[in-house]
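So the chains spell out like this:
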Amino acid sequence: MIRLENINKTYFGAQPLHVLKGINLNVEDGEMVSIMGASGSGKSTLLNILGILDNYDTGDYYLNDKLVKDLTENQAAEMRNQLIGFIFQSFNLIPFKTAMENVALPLYYQNVNRKKRNQLALEYLERFGLKEWADHYPNELSGGQKQRVSMARALVTQPKIILADEPTGALDSKTSAEVMQILREVNQSGITMVIVTHERGIALRTNKIIHLKDGVIESIETNNPDQIDFNQEIK
Amino acid sequence: MFDFDGLKEIWQTIARNKTRSLLTAFGVFWGVFLLVVLSSTGNGFENGMMRQVEGVTPNTGLFFTGTTSEPYKGYQKGRNWSMNLSDLEVIKETIPNIVAISPEASVWTSEDKNVVFGNRSGSYTVKGVMPEYNYIMKSRILKGRFINDSDIANHRKVCLLGKRAYEELFDKGEDPLGKMVRVNGLYFQVVGVVSTYNTSVQINGSADESVVLPFTTMNQLFTQGDNIHFFVLAASDDASIADIEEEVKQLLKQRHDIAPDDKTAISSFNLEEVFKMFKGLFLGIHILIWIVGLGTLLSGIIGVSNIMLVTVKERTREIGVRRAIGAKPKSIIKQVLSESLLLTTLAGLVGLCIGVGIMALVATITANMPSDNMMFQDPNISFKAAVAATIIVIISGLLAGVLPAWRAIQIKAIDAIREE
Chain G
1 MIRLENINKT YFGAQPLHVL KGINLNVEDG EMVSIMGASG SGKSTLLNIL GILDNYDTGD
61 YYLNDKLVKD LTENQAAEMR NQLIGFIFQS FNLIPFKTAM ENVALPLYYQ NVNRKKRNQL
121 ALEYLERFGL KEWADHYPNE LSGGQKQRVS MARALVTQPK IILADEPTGA LDSKTSAEVM
181 QILREVNQSG ITMVIVTHER GIALRTNKII HLKDGVIESI ETNNPDQIDF NQEIK
Chain Z
1 MFDFDGLKEI WQTIARNKTR SLLTAFGVFW GVFLLVVLSS TGNGFENGMM RQVEGVTPNT
61 GLFFTGTTSE PYKGYQKGRN WSMNLSDLEV IKETIPNIVA ISPEASVWTS EDKNVVFGNR
121 SGSYTVKGVM PEYNYIMKSR ILKGRFINDS DIANHRKVCL LGKRAYEELF DKGEDPLGKM
181 VRVNGLYFQV VGVVSTYNTS VQINGSADES VVLPFTTMNQ LFTQGDNIHF FVLAASDDAS
241 IADIEEEVKQ LLKQRHDIAP DDKTAISSFN LEEVFKMFKG LFLGIHILIW IVGLGTLLSG
301 IIGVSNIMLV TVKERTREIG VRRAIGAKPK SIIKQVLSES LLLTTLAGLV GLCIGVGIMA
361 LVATITANMP SDNMMFQDPN ISFKAAVAAT IIVIISGLLA GVLPAWRAIQ IKAIDAIREE
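Here the protein sequences line up with chains G and Z, keeping their order.
Counting along the first sequence from 1, when you hit position 214 you're at 214 in this note's numbering, and nothing is skipped either side.
Counting along the second sequence from 1, when you hit position 60 you're at 60 in this note's numbering, and nothing is skipped either side.
Next up, chain G with everything else stripped away, as it sits in the complex (with noise of 0.2 Å):
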């Protein structure tokens, strides 16, 4: 699903910033991964470029076969909208859409007709537990509730991976399983998916953790997540 070659990306500021030095990586169709890594290793820019968001300088990233370099904005938004579902750590649900309208916002630029949009974003909010909260609007909804909107809006185009930044950064230990749980059901359902954390709790609950460091990737640790209770919060 995943394949990267050697990607290298640096920022050129007042002090030239390489982030990324030579990463290779396969992740396999419907593979659970996580990439866990120190503050400024590189993790948050690895996530961007999978998710087509930055552009990398040399190497080579396939996405569902397909090689994605110099992309117009056009392509990389119609890949996005297409085979990725994002999910952040502050939900950025946009703030004057009922949660049904947020969900729906994928389909829209997928032109979508609007009954079918919103019927599709019922549908996945119901999943999620939150039909009677579809008419409600982001303030009115607390962390998880809001989360699991977002995750919602993920799914809602039917990507084939889903890019998680920090998921559970912004909820309580309690909340963070519950979204994790959700997170491994959406997994088993086929969909691939790449967790950037740096909570261990959190990486121990995917298949795969992948440790970078200094925009290197330092280790690939293979983990069965079926040891552990999903139902215990996280520490």
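Hints may be right or wrong, so weigh each one.
Unchecked claim - With a cut-off of at most 30 Å between alpha-carbon atoms, the simulated DSS-like pairs for lysine-lysine come out as follows:
no., chain 1, residue 1, chain 2, residue 2
1, G, Lys115, Z, Lys330
2, G, Lys97, Z, Lys157
3, Z, Lys412, G, Lys160
4, Z, Lys334, G, Lys69
5, G, Lys174, G, Lys131
6, Z, Lys313, Z, Lys334
7, Z, Lys157, Z, Lys172
8, Z, Lys77, Z, Lys263
9, G, Lys97, Z, Lys249
Think of the hints as simulated: they come from the structure by calculation, not from any bench.
Using the hints, position chain Z against chain G.
Positioned in the frame of chain G, the structure of chain Z alone reads:
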């Protein structure tokens, strides 16, 4: 294509911040409103002014005799001279494009109340004219008819009463036609009542306060002979009155042994110049109004653009999220432009409607005011101007959105998502 979905998407963002949207829109609203009100007011004055000269043919020339200033053919300078009816006939026959020509003369009397009917009397100017006079200096015929050719040929003792003369001499509603009125001691039969179209262009007093006689009758009865000191003529619409004016003067000088370069023997002026002056004046006023109106509109639009820039900046995260979930640059541009367009167009249309509404109210009020001398009439803007204003608003709405839209597409998804 009408895109209800897109419209709803845009409306949502506008309605989200009502106060700001309203304040932004107010600039445009005010610009258009002011443009409409000023332009309508300008039109009102123009209409009022034009009504003052209604009934006057612009291609009109007026000629009067003076004293000669050059000795010529044995005559000394300082000679008084007069024209006669045959001059007018020759002028009409030899100079092309003259459609009407008529002398105008008055009888002077020392009598105080010179016009008498029954036991009432009043002082009015007594004028003699030809039938064609009514083509050049139109009067409104309230009752009866104007002087006709047969009155002239038969030297009939008939007269027209000015509106005021009629009102003062007769009872309200009394039929004056056929009645005998004494004018400067002689009796004339009333054949019509006339009033002026306007009070601004008057020669020899207002028609309302005159008694008009057939020219020939007057000359004969008041023994003025065939002397003419003043006449008016109208040229056809496509002819140049200035050229005709010159030709007429040369012809008259030739017929009366006056030096061709004599400047004072014949004076003349044409109304075309007066009309041109009016038109120039109103053109200037209109240009000024549009400059002021468009200037206000421009500042309103800059306001919209400015606020939109701030809005885009504030919405960095929202736009970034939209980009991340698949919005193409095109859809972001479309959104920002549409927001600006919708806001300016709505504000502009509201300004247009309220402006037109208020001016319609003003028009109703002024129309009900006693308005003989009203310099203000029908203040409204033409359909063309309204369409032009609308198009300007729409175009400027788009322009106002260009810079903010450009800024918006500079926002990368990553900028919004990056945690600060």
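Earlier hints that do not hold, by number: 2, 9
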